[in-house]
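Chemist: Hints in hand, dock the two standalone chains.
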Amino acid sequence: MVSERQLEAIKGAKVLMVGAGGIGCELLKTLALSGFQDIHIIDMDTIEVSNLNRQFLFRQSHVGQSKAKVARDAVLKFRPQMSITAHHANVKDPKFNVEFFKQFNVVLNGLDNLDARRHVNRLCLAADVPLVESGTTGFLGQVTVHVKGKTECYECQPKPAPKTYPVCTITSTPSKFVHCIVWAKDLLFAKLFGDKNQENDLNVRSSDASSSAHAEDVFVRRKDEDIDQYGRRIYDHVFGYNIEVASSNEETWKNRNRPKPIYSADVMPENLTEQNGNVAKNCVVDTSSVSAMASLGLKNPQDTWTLLESSRIFLEALKLFFAKREKEIGNLSFDKDDQLAVEFVTAAANIRAASFGISLHSLFEAKGIAGNIVHAVATTNAIIAGLIVIEAIKVLLKDTDKYRMTYCLEHITKKMLLMPVEPYEPNKSCYVCSETPLSLEINTSRSKLRDFVEKIVKAKLGINFPLIMHGSNLLYEVGDDLDEVEVANYAANLEKVLSQLPSPVTNGTMLTVEDLQQELTCNINIKHREEFDEEKEPDGMLLSGWTQAPPAKDDKQSMNDKQSIGNGGDSSNALQTEPADAVKDGEMEEISEPSGKKRKLSEGSKASILDATDGTRNHKEVEKLDDDDDDDDDVVMFDDLDSMTNKKKRLQ
Amino acid sequence: MDGEELTEQETALYDRQIRVWGADAQRRLSKSHILVCGMKGTVAEFCKNIVLAGVGSLTLMDDRVVTEEAWSANFLIPPDENVYGGKTIAEVCCDSLKDFNPMVRVSVEKGDLSSLDGEFYDKFDVVVVSCCSKLINEKCRKLSKRVAFYTVDCRDSCGEIFVDLQNHKYSKQKIEETIECQLQYPSFEEAISVPWRALPRKASKLYFALRGVFEEAEGRSPGEISIADLPAVLKLKKELCEANALNASHVTDSLLERLIIGTREFPPVCAVVGGILGQEVIKAISCKGEPLKNFFFFDVMDGKGVVEDVSNPKKESK
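Line by line, the protein sequences are chains D and P. Throughout the first sequence, residue numbering follows the UniProt record's numbering, covering 1 to 652 in sequence. Throughout the second sequence, residue numbering follows the UniProt record's numbering, covering 1 to 318 in sequence.
Hint data in this document are derived by calculation from the structure and do not stem from the laboratory. This one's a predicted model, so the numbers in the text were calculated from it and none came from an experiment. Glycine included, every Cβ here is placed at the ideal spot set by N, Cα and C. Be careful, since some hints might not be right.
To be verified - Where chain P lies over chain D, by a calculated footprint (3+ residues, C-beta under 8 Å): (1) 23-33; (2) 361-375; (3) 412-419.
Said to hold, decoys possible - Think about it this way: if two alpha-carbon atoms lie no more than 27 Å apart in a straight line, the pair counts; the simulated DSSO-like pairs of lysine-lysine are: (4) K150(D) - K14(D); (5) K415(D) - K288(P); (6) K110(P) - K415(D); (7) K148(D) - K11(D); (8) K92(D) - K102(D); (9) K169(P) - K414(D); (10) K174(P) - K176(D).
What the hints assert, rightly or not - So these bits of chain P aren't anywhere near chain D, every CB distance computed over 12 Å: (11) A198; (12) L240; (13) I282.
Looking at chain P on its own, in the form it has when it is part of the complex (with noise of 0.2 Å):
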C-alpha cells in the first residue's frame, strides 16, 4: 500500500477508528474524493460520517434555498434567516461540515449534475445521490477508472439505499485470516429489469414499493409528487403487479399511501439510514469488509434494516 505515514495530528484525532479499520484503511481514506448531490436530511447524516470519517474531500451540490422543510430534518441548517438568508442549501451545509473536521476540504458546486460531463465526474470516487438517477449511474460506469455510485432516499418512516460499486475486490477477516474476495454489481437500470418474480418471495416490499413510486415521478422534481398522485401510482401498481406476475395485494396500498403522503424525512431514520450509507461508503474506499450488495431497507414499522441481492445471477461472478 503506497503512501505517506499519517500525520501525528491524524493519528492522534483518529485513533479509536483507526482501531476499527487500521491505518492503511485510514490513509485511503484521506486520498478520497466524494460527491454528493441532493442535501437531504439523511445526506446531511452521511456527510457528518464521512467528513468525521476523514475523506479527503467533501463536494456538495444543492442549488436550493432554504426552506422549514429543509432545515426541519438537517442539523447542518440552523433555523435563522441571518444565517441561511441568500445562501443555498449546500452552501449553508458546506459552513457547518467544514467545522466537523478542518483536515477535510468541503467546497459547493453549482449546477446540475446529469447534464456535467465525464471530466468532472472522474474527480471523484464516490458519488450520493437523493434520488433515483439511472443517467448519473451510467456517466458514473462510463469512466475509466471505478467510481461508486449511491443512491438513499427516506420518505415517512422507511429507507432505501441502492449500491454499484461495479466490480469491486475487497478483503475481509475469517477467524484469524484475512481473505480476498470480489463482487460483481449490476448498474441501476440492470437491477431495475431483473423480472420481480425472480427475487426471493419474502424480498422487501418496500422494493417493489418504491419502484412504482419513484416510476411515476420520473421526470418530475422531488418532493412533486403528492396524494393527488395517489390513484395514479395504484393503477402503475397494479399494472407492474401484473406484468411481473406478482400478486397486487403483496404491495399493500396503505404502504404506497404511506410513501406518497409521508415526503417528509423522520430523523431518526436519517439517523440510522445516514449511518448504514457512511459504513457502506467507507467499506468502498477502504477495500476492507464486505459491502452490502446491492439494496438496503429500513422500515421503522418492522424496525429491520434489510439487504436485498436484486441482480441477475448470471452475471454474478464471486
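Looking at chain D on its own, in the form it has when it is part of the complex (with noise of 0.2 Å):
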C-alpha cells in the first residue's frame, strides 16, 4: 500500500526510461499502474520477431515500428490518462544535452550496452539527476541506485570489457569453438563478401614464405569460373593448402595437437550438383529467404551437422550468394537475421573445427555466438522491473538510507533469491565522478596525436566527441561549427608527435580532454618513457588511475593485446556479460567485484525512517519496527558476497 507521501511524490514525478525493450516494456506497465503520470522513454529500436516472447506490449503486427511509440501506444490503452513522450532516437543524441535530463526527478536505464550506460551515467551526473541502472540475461538480474555525491556512479566500478581473442589463436591455434566462428565471420566471410579494401588478417601465417601476391588472387572468382569449382577452390584452400602449411611449422605444434587438412574431394566426391538440383528451380525473388539449409533439406537448425552436411552447406551457401545476391558482394557484413549468412559461417567454423579436433555445434549455437545473442525470458525483466519502480520511489522520496542495490539470483543464495545489499560510497578515484587526475605514460617523441585520440580518449575513456587542451591552447576538437582552417589545423595535429605539437606535449604536461555532451572533464598527466613492451603494452601507452576489471582468467594476456580480435559488439542487455558460450563456461561475471570500498551510506545518519504504510503512525511505533530487524542480516557483507559470488562460479 502507498502512503499519501509516496503517492503525492509519485503523482508530480517526471521521469526519464532510456530503453523500451525487455525491461522497458514490463517498467512502462508497472510505473503506469503505480501512479506514474509523465513519462518520457527513448530508444531507437524498432521491433523484432525475436522480441515477442518478452516485450509484450508489441505484437506481430508491429514488426519493423518503433519500439518506444508503440510501447507508449499499449500503455496508453489502460491508462489513458497518463503522459507519455516516446523519442525514436538514439540517447547518444546531442538534443539530449544536460538541460535535457535536468527536467526529470529521476533517470530509469533499460539499455542493453555499456556505451549507452557510461553516456547516460555521465549526463546525470552533470544534471545531478539520481539514476536507477538495471540489466538482466536469462534468469540473473540485477538493478543499481546512482545518486550524484551519495553513490558510487555508475562508472566507479570497473566494468568488464568484451572479450577479445589474440590474433593468433583466431588464424592459427584455435582451441575453441567460438575462435572458429570468430575465424569464419569477421575473417573469411569478411574476405569473401566484404569490402575489399578492408585488411583482412586470413593469411597470416607465422612463418609467411609465400608471397602476399599470390595469397590475395586466390579469394577472387576468375571471370566465368564455374560456381562450383570456385567453391571447392576456396575450400581446399582455407581448409586444406592453408591447414598444410600451417601444419609445417615445428614451433608451433610443440605443445599442441597439428589440425588435420581437410579436402573437398575426400569429403564430397562426387560433384554437388548432382546431389540437388534445386539451385536452378529456386525462382526465389525475396533474397532474405534464400537458404542453403532449404536447398539441402536440412532442416533443424538445432541439429549439429555433420563434417559432410557442413561441407555441402559451405559450397550451397557459396554458391547462392553468387547465384542470387551477387550484387551484395563486396559490401555483406555479417547479419545473425541474415539466414544465408548465419549458415555460410556455420558450415565454415564447423568444418575448421573439425580440422583441430574440435566438436561442432548446431546452427542455433553458432548463430547465437556469432549473434552475441543475449538470451533472454519476461519473467526476469519483470522482477527487475518491480525492483527498479521500488528503488525509483525511495529516489524520489529521497529516503537515501533505504536504497539499495537488489541481485536477482538463478540459485537461492543464503535462502536468498532476491538480494538487496547497501550502495557503496562514490569511488574517490573515479575519473568520472570524483575528478580525479588519470597519469599517461606515452613515449611523446613517438607517439602521435592521433594515437593518443584512438587508443585512451575513445577506446578507454569513452569520449567520443572530444576536446583536448594543453592549458589554454586547443589541440583538438571535434564538431560541426568548425571552420575550413581550423578543421585543416587539427587534422593536421593528429599527424604530429606530440612533443612536436604547437603546443608541445611532453613529460610533465597535463591536458584536459572533454566531453561537452556529457559535461566530464578530465585531466591526464602526461610522463614521458621511452620503451614500452610489445607483448604486454602493445598500445605503445599505459594509463593509470583510471581501473579496468580483469579479463576472463584464460584470455588474459588478450586483453592489452594489440593484436586481438573481438566478436563483435556487446549487445548485452546484461550485466557485461558474453552471452551462451560465456555462460556454460561458468566466466559469467554478474556482480562486479566491488572494490572493497566502505559501504553504508546510513552510517551515522538519523534520516528519516521509510513508512511503508500511511503517514500517521507515531514514532514509538516506528521504532519498533527498526528494532524488529536487529537480529537479522540486512546488508550482505562484503566478503559473504565475494565468496558467494567464488562459489556461483564453481558451481556453474
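Modeler: If you want it as C-alpha cells, here you go:
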C-alpha cells in the first residue's frame, strides 16, 4: 500500500526511461499501474519477431515499428490519462543534453550496451539527476541506484570490457568453437563477401614464406569461373592448403595437436550438383529467404551437422550468394538475421573445428555465438522492473538510507532469491564522478596525437566527441561549427608527434580532455617513457588511475594485446556478460567485484525512516519497526558476497 | 523425450528463451495446461508470463464483476466500462491475454473451483490459486497424475507464494554436468502443521503473520477482512504464539496491522512475485532447474526475496 507521501511524490514525478525493450516494456507497465503520470521514453530500435517472447506490449503486426512509440500506445490503452512522450532516437543524440536531463526527477535505464550506459551515467551526473540502472541475462538480474555525491556512479566500479581474442589464436591455433566462429565471420566471410579494401588477417601465418600477391588472388572468383569449381577451390585453399602450411611449422605444434587438412574431394567425392538440382529451380525473388539448408533439405536448426553436411552447406551457401545475391557481394557485413550468412559461417566454423579436433555445433548455437545473442525471458525482466520502481520511489522520497542494489539470483543463496545490498559511497578515484586526474605514460617523441585520441580518449575513456586542451591551447576538437581552417589545423595536429605539437606535450604536461555533451572533464598527467613492452603494452601507452576490470582468466594476455580480435559489439542487455558461450564456461561476472570500499550510506545518519504504511504512524511504533530487524542480516557483508560469487562460479 | 519438433514459427518466436532453457523444455511447456483461480494483480502478472512462455493452454476462473479495485493493479483490464461492462474479471483478462501469444489457448471457466471434482482437475498440470486453500490442495493430491499446486497472495507491500509439487523429479546443471534430483513436498496442511518452534529462529516473520491473518479469514471471502478484525487477529496471534512457544513480540503488531489494512496490491510487488511464480511454474513443467521449496516471501521493507522450507524433516527425501 502506498502512503500519502509516496502518492504525492509519484504523481508529481517526471521520469525518463531509456530503453523500451525487455526491461522497458515491463517497467513502463509497472510505472503506469503505480500511478506515475509523466514519462518520457527514448529508444532507437524497431520491433523484431524475437522480441515478442518478452516485450509484451508489442504484437506481430508491430514488427518494424518504433519500440518507444508502440510501447507508449499500448500503455495508454489501460492508462489513457497519462502523459507518455516517445522519442524514437539514439540517447547519444546531442539533443538529449544536460538541459534535457535536468527536467527529470529520476532516470531509469533499460539499456543493452555499455557505451550508452556510460553516456547516460555522465549526463545524469552533469544534470545531478539520480539514475537507477539495471540489467538482465536469462535468470539473472540486478538493479542499482546512483545518486551524485551519495553513492557510486555507474563507472566507479570497473566494468568488464568485451572479450577479445589474440589474432594468432584465431588465425592459427584455435582451441574453442568460438575461435572458429570468429575466423569464419570476421575473416573468411569478410574476405569473400565484404569490403575488399579492408585489412584482413586471413592468410597471416607465423612463417610467411609465400608471396602475399599470390595469396590475394586466391579468393577472387575468376571471370566465368564455374561456381562449383570456385567453391571447391576456396574450400581446398582455406581448409586444405592453409592448414597444411600451418601444420608444417614445428614450433607452433610442439605442445598442441596438429590440425588435419581437409580437402573437398575427400569429403565430397561426387559433384555437388548431382546431389540436388534445386538451385536452378529456386526462383526466389526475396533474397532474405534464400537458404542453403532449405536447398539441401536440412530442416532443424538445432541439429548438429556432420562434416559432410557442413561441407555441403558451405558450398551451397557460397553458390547461393553468387547466384542470388551477387550485387551485395563486396558490401556485405555479417548480420545474425541473415539466414544465408549464418548458414555459411556455421558451416565454415564447423569444418575448421573438425580440422582442429573441436566439436561441431548446431546452427542455433553458432548463431548465438556469432550474433552475440543474449538469452532472455519475460519473468526476469518483470522482476527487475518491479525492483526498479521500488527504488525509484525511494529516490523520489530521498530516503537515502533505504537505497539498495538488488540482485536477482538464479540459485538460492543464503535462503535468498532476491538479495539487497547497500550501495557504496562514491569511489574517490573515479575519474568520472570524482574528477581525479589520470596518468599516462607515453613516448612523447614517437606517439602521435592520433594514437592518443584513438587508443585512450575514445577506446578507454569513452569520449567520442572530445575537446583536447593543453592549458588554454586547443589541440583538437570535433564539431559541426568548425571552419575549414580549424578542421585542417586539427587534422594536421593528429598526425604530429606529441612533442612536436604547436603547444608541445612533453613530460609533466597536463592535458585536459572534455566532452561537452557529457559535461565530462578529465585531466591527464603526461609522463614520458622511452620503451614499452611489445607483448604486454602493444599500444605503446599506459594509462593509470583508470580501472579496467580483469579479463576472464584464459584470455588474460589478450586484454592489452594490440593484435586482438573481438567477436563484435557487446549487445548485452546485461550484466556485461558474454552470451551463451560464456555461461557454459562459467565465466559469468554478473556481480562486478566491489573494490572493497566502505559501504554503508546510513552510517551516522538518522534520516527519515520509510513509512510503508500511511503517515500517521507515531514515532514510537516506527522505532519498534526498526528494532524488529536488529537480529536479521539486513545487509550482506562484503566478504560473504565475494565468496558467494566465487561459489556460484564454481557451481556453474 | 517424446514429441514433435517445434514449428518454425515457435522457433523464431521463442528463440531467446530456448537459449535459456532449451528446446526440450519448450516442447514440454507447449503441452502443459494451467488453471488459475482468482485474477488479482499478481495473478495477472503470472498469467502474462506464462502465456509469453508458450504453455499449451491457460484456463481462468474469476466470476467477480470488474470494480475499480480490480483494474487498479491489473493491467489486463482497461478502465473503460464500454470494454468491461457486463463481463466478469476472468472474461476481460482472457480477451487481453489471448493477444499476447496467439499460440496459447486461453479460456474461461465459471463456477466455484473448490466444488468441482477430480475429473475437472485432471485436465490440468498446474493449479494456481490466489488464496490459500487446503481443500483445493487436497483435490490436486488425490489424482493419479501429479498436479502442481501453488498459492500466491500479495497484500500491502509483501507477497507470499506456497509451492506443492508432491514428488518432483528434475535435472539441474552443476558445472558441465547434468544431475538428476528429487524433492518431496508436504501438502499445505502438513506444512502449516509443522510446529513453529521447529522452524529456524530467523524464519521470515511474514510466514507467521500471514498464518494468523489467514486463519482469522478462514471461511470468509477474500477482501472481507478489515481493520475491524485487527483486535481479533492480534488476539489470535497471541494464542498461536503461546501454543507454539514463540515470543509474541517476534511477530509485531505493526506487521499484522500492515497486512490487515493493506489489502490492496502494490503493483511493483505484483511484478516481482508474479515473475518469481512464473519462473517456478516453468521449472515445474520443464523439470529443469531446482524449484523453490516451499514458501517464498518478499517484503519491500527489507527488499529481500526469501525462501523458507517449512516441512517436517522426516518426510523429506533427496
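Chemist: Which hint numbers does the structure go against, in order from smallest to largest?
Modeler: 6 and 13
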